[in-house]
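Novice: Here are the chains, one letter per residue:
There are 4 protein chains.
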Amino acid sequence: MMTAVNKGIDERIYNTIVTTNAQAPFYQLTGIQTRTLGPGWVEMAVMTEGKHGNPLGLIHGGLVSTLADAAMANAVRTTGKKGVTVHCDINFLASAPVGEEMIGRGRVDKAGSKIVFTSGEVVCGDKVIATCQGTFYVVGEI
Amino acid sequence: MMTAVNKGIDERIYNTIVTTNAQAPFYQLTGIQTRTLGPGWVEMAVMTEGKHGNPLGLIHGGLVSTLADAAMANAVRTTGKKGVTVHCDINFLASAPVGEEMIGRGRVDKAGSKIVFTSGEVVCGDKVIATCQGTFYVVGEI
Amino acid sequence: MMTAVNKGIDERIYNTIVTTNAQAPFYQLTGIQTRTLGPGWVEMAVMTEGKHGNPLGLIHGGLVSTLADAAMANAVRTTGKKGVTVHCDINFLASAPVGEEMIGRGRVDKAGSKIVFTSGEVVCGDKVIATCQGTFYVVGEI
Amino acid sequence: MMTAVNKGIDERIYNTIVTTNAQAPFYQLTGIQTRTLGPGWVEMAVMTEGKHGNPLGLIHGGLVSTLADAAMANAVRTTGKKGVTVHCDINFLASAPVGEEMIGRGRVDKAGSKIVFTSGEVVCGDKVIATCQGTFYVVGEI
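Chains as they are written, first to last, in this note's numbering: chain G, 1 to 142; chain P, 1001 to 1142; chain F, 2001 to 2142; chain H, 3001 to 3142.
The shape of chain G in the complex, shown without the other chains:
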């Protein structure tokens, strides 16, 4: 298992994010892990496997969407806010290969008191798999 890295956020918030992500059932099911957390940005990662395949034999877009959503949602959490996804828009630039590490990067573009705006991308090495933007509604503090 990958060890996450703290690039400058509050230690308590860091620990909460890393621990709850590691315990989150859907991340365990899909294999998504926390990689790096900074102020207003994160990297999440998943090793693509056969189990992520769609009917065409490619990595299912749902895994890419889940990684994109996870990256943007956790970017929100690095600001100390607990948010629920209001909307997510994703552009699928390329199909993802099996057997490679796929990275989801999320960043906060603007953190309002109630609405947080985010964007991000999903990559495999130099290949951009998807770009995304999302909005979150703040429901509390971490």
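Everything labelled a hint here was simulated from the structure, so no lab data went into it.
Don't take each hint at face value.
[Claimed, not checked] Straight-line alpha carbon distances no greater than 27 Å define the calculated DSS-like cross-link-like pairs of lysine-lysine that follow:
#1 127(G) to 1114(P)
#2 82(G) to 2114(F)
#3 110(G) to 3127(H)
[As the list claims (entries may be wrong)] Simulated restraints on C-beta separations:
#4 3097(H) to 2140(F): 40 to 48 Å
#5 2099(F) to 3019(H): 23 to 31 Å
#6 2006(F) to 114(G): 29 to 37 Å
#7 1049(P) to 3019(H): 53 to 61 Å
#8 19(G) to 1051(P): 27 to 35 Å
Backbone N, C-alpha and C define an ideal beta-carbon position, used for all residues, glycine too.
Go by the hints and put chains P, F and H onto chain G.
Specialist: Chains P, F and H alone, transformed into the frame defined by chain G:
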């Protein structure tokens, strides 16, 4: 296991969709099943379980996105076309409960020769969980 | 000039919406008018003209986006809430012809206390020009 | 009137884009001008005025959407391709002030032979008004 229902599409295409969906690894992993196929529309379903949970203890939005994408992609397939997702936009209206059947409905709004436009929604009973729209690029015939 | 029709909303709110839309500079500039207002839904309209053209000689997508946004925003207002657009997603199914009435329909899918979810479409007669969905943040009452 | 700047694209394509934009009726109506064109990216600009106001007295989101769409569409054109907008998604981070120059930046994230993926943002000085992503279908060469 649920049995799918054919509401009026070509039998060969119906069988291809049902069979390839049943064998698709990511649908097996997440528990998504084909339910009903009509001309230009489908219903896919998943029984929500603890394994679909996010760090907040709710059903992860990634499952909802996967179901929405699956419903729209398979609606495209009922027209006999093989398409890859270009873009997907999803609005999350409400959180999904654990232990209920969640239905994803997809429909084709316009089937161009190269671009297919779709929309849909994800529901649990009367509760709308999400609305979505997507676009697909046609790469071949089924 | 078209006369708007009230299909069942509070008369004070109806008058406020119709009057402020008629006075709104950007609607005057683009020619967008209020057509019908019901509880949680509206129809806005614009007669497409040469002045709405893009560099390809078609109606510019920006007019379609403006009409879609206007329809969804005013659907929110029929509920008595003042909202600002958080996000808008639009699928462009077909180009709009010059010299026809283009109708934007917006509807409220869910009116939360703080976030309102909407969707809609833009049509010219039977031809669907665009489908859209949007989210709004409630900033007050009308 | 602003003079556009060529930052490294083919002179014939540059002249075509600048000329057709200057003549495009909807850009004349709304006041949108071409500012800078580079390989795969552009800046378009508009001076916000009272005529762009919405019923709340702010700059209408439709102008922001039009500028965002224009920036992404022209970024596609710098690659020598003629494309029609398939989809546009826009996040509205802040309202735009009246009487300031509003800049729309568009860039090509991936130029496929048939589908071009783009993203961008709209800013007033240091203030980000909106972020956007869009997809375009290639219909020919410039």
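Novice: Is 40 to 48 Å right for how far apart the beta carbons of residue 3097(H) and residue 2140(F) are?
Specialist: Violated, since residue 3097(H) and residue 2140(F) (Cβ atoms, about 20 Å apart) do not stay within the stated range.
Novice: Check the hint pairing residue 82(G) with residue 2114(F) against an upper bound of 27 Å on the C-alpha distance.
Specialist: 16 Å, holds
Novice: CB of residue 2099(F) to CB of residue 3019(H), is that within 23 to 31 Å?
Specialist: 25 Å, holds
Novice: Could you grab the alpha-carbon distance between residue 110(G) and residue 3127(H) and see if it respects the 27 Å cut-off?
Specialist: 10 Å, holds
Novice: Is 27 to 35 Å a correct range for the gap between the Cβ atoms of residue 19(G) and residue 1051(P)?
Specialist: At roughly 18 Å between Cβ atoms, residue 1051(P) and residue 19(G) fall outside 27 to 35 Å, so the hint is violated.
Novice: Could you see if the CB distance from residue 2006(F) to residue 114(G) stays within 29 to 37 Å?
Specialist: Given range 29 to 37 Å: holds, Cβ gap about 32 Å.
Novice: When you check the alpha-carbon spacing of residue 127(G) and residue 1114(P), does it fall within 27 Å?
Specialist: Between residue 127(G) and residue 1114(P) the Cα gap is close to 24 Å, so the pair holds against 27 Å.
Novice: Could one say that the CB atoms of residue 1049(P) and residue 3019(H) fall in the range 53 to 61 Å?
Specialist: 60 Å, holds
When each numbered hint is compared with the structure, violations occur for hints 4 and 8.
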